[in-house]
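Peer 1: Residue-level listing of the chains:
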Amino acid sequence: MTATESLYSTLRRGELDFFVSVPCKLLADLIAKVETDSEVIYTPVSRKEEGVGMACGAHFAGRHAALIMQNSGFGNCANAILSLLNYYRIPVVFIVSHRGSRGEPIEAQHMMGAAVADLLKVLDVDVLNVPEPEMLALVQPAIEQARQARRSLALLLPFSFWAAN
Amino acid sequence: MRRYEALQEIMKAITDEPVVCNLGHPAQELFAVRDRPQNFYMLGSMGLASSIAHGLALCRSGKVVAIDGDASVTMNLGGFATIGHTRPKNLVQIIIDNGANGSTGFQPSFTAGNLRLDQIARAAGITRVTVVTAQKDVAPTVAAALGADQGPSVIVIRTEVGMPDNIAVIPLGAIEIRDRFVRSLGGQAGRAT
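Going down the list, the protein sequences come from chains E and X. Take the first sequence: its position 92, counting from 1, is numbered 92 in this note's numbering, and each next residue is one higher. Take the second sequence: its position 115, counting from 1, is numbered 115 in this note's numbering, and each next residue is one higher.
It is worth saying that the hints were derived from the structure and are not from the lab. Backbone N, C-alpha and C define an ideal beta-carbon position, used for all residues, glycine too. No incorrect hints appear here.
From chain E, some residues computed to sit far from chain X (all C-beta separations above 12 angstroms):
| id | residue |
| --- | --- |
| 1 | K25 |
| 2 | I31 |
| 3 | R102 |
| 4 | Q109 |
Examples of chain X residues lying across from chain E (beta carbon under 8 angstroms, computed):
| id | residue |
| --- | --- |
| 5 | S45 |
| 6 | L48 |
| 7 | I52 |
| 8 | A53 |
| 9 | H54 |
| 10 | G55 |
| 11 | L56 |
| 12 | R60 |
| 13 | A81 |
| 14 | T82 |
With the sequences and hints as input, model every part of the structure.
Peer 2: Have a look at this one:
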């Protein structure tokens with residue numbers, strides 16, 4: 001099984017059934033998988049902040065919502081996380097390629113890559129770093145725990161995770 | 001017709017549909033016109049009324065209404081792109097266009113100049129787009145959108161600037177707004193609480 005296949009089956013075991021995405025090269029296979037899964041609702045979105053709003057609406061309908069994006073997206077949706085998700089206590093799972101992590105070829109990505117951990121702390125979003133597919137066993141319990149606590153959770157997936165693809 | 005009168009007319013046409021309402025004075029006025037559990041009042045996240053309604057619309061069969069403002073829509077123009085892509089038949093986006101940022105001191109907005117949101121909606125692939133300028137046409141236009149088999153619908157209501165001077169802050173907390181909204185949908189958000 002590739003890293004993407006292991007990840008997606010883990011996310012589905014975590015009962016995630018509503019996905020929106022903004023693309024990243026590292027996430028291309030994952031987005032292709034979710035696109036073709038008839039058991040989930042999926043659409044690409046124009047911008048991460050819009051995706052946060054849509055995930056919120058899906059949550060109101062009883063869905064378990066997730067947003068697939070690069071870490072740079074947190075800069076794009078900070079206000080929506082604080083004044084919508086956190087204020088109304090709406091749990092959303094962020095499935096995040098950690099650009100700027102070791103192996104990053106694009107220098108400009110290093111800025112947000114280095115900032116994302118502190119940014120998530122300020123945004124009061126729980127974080128699970130998943131540097132290799134072997135650590136996916138921690139993902140389903142983390143999703144369930146965050147859901148119970150009505151907190152949002154970011155799964156940070158650096159280049160080392162995707163090396164197994 | 002000001003936004004307040006537009007909201008009164010809109011609510012004549014609404015029966016049991018969930019309504020996601022833009023933050024600030026629009027939400028406060030809607031609360032004054034007709035509070036109901038099916039109203040989700042935004043308290044922050046400006047621009048996302050249509051996105052919250054869009055996510056909800058993709059997950060249920062009945063109509064879902066967003067009450068939006070022109071400056072809020074301008075902040076999230078990409079929302080048109082995504083709605084024009086998924087084209088949920090059950091989504092009705094009502095934009096109250098007063099040409100101003102009403103909650104922050106009525107600074108002129110872009111629709112007071114060259115911006116035409118109805119044209120952007122059409123260009124995004126939303127085909128059921130109506131512009132309303134007369135107060136008497138508001139309720140019938142909303143009712144027609146709620147009864148239509150086709151969708152999504154965008155209704156732009158052009159209004160004057162201004163509001164009544166006795167509008168109060170909504171006396172509900174975020175969690176209360178959320179919980180009664182979710183209960184009104186007949187479910188339990190996220191199932192596990």
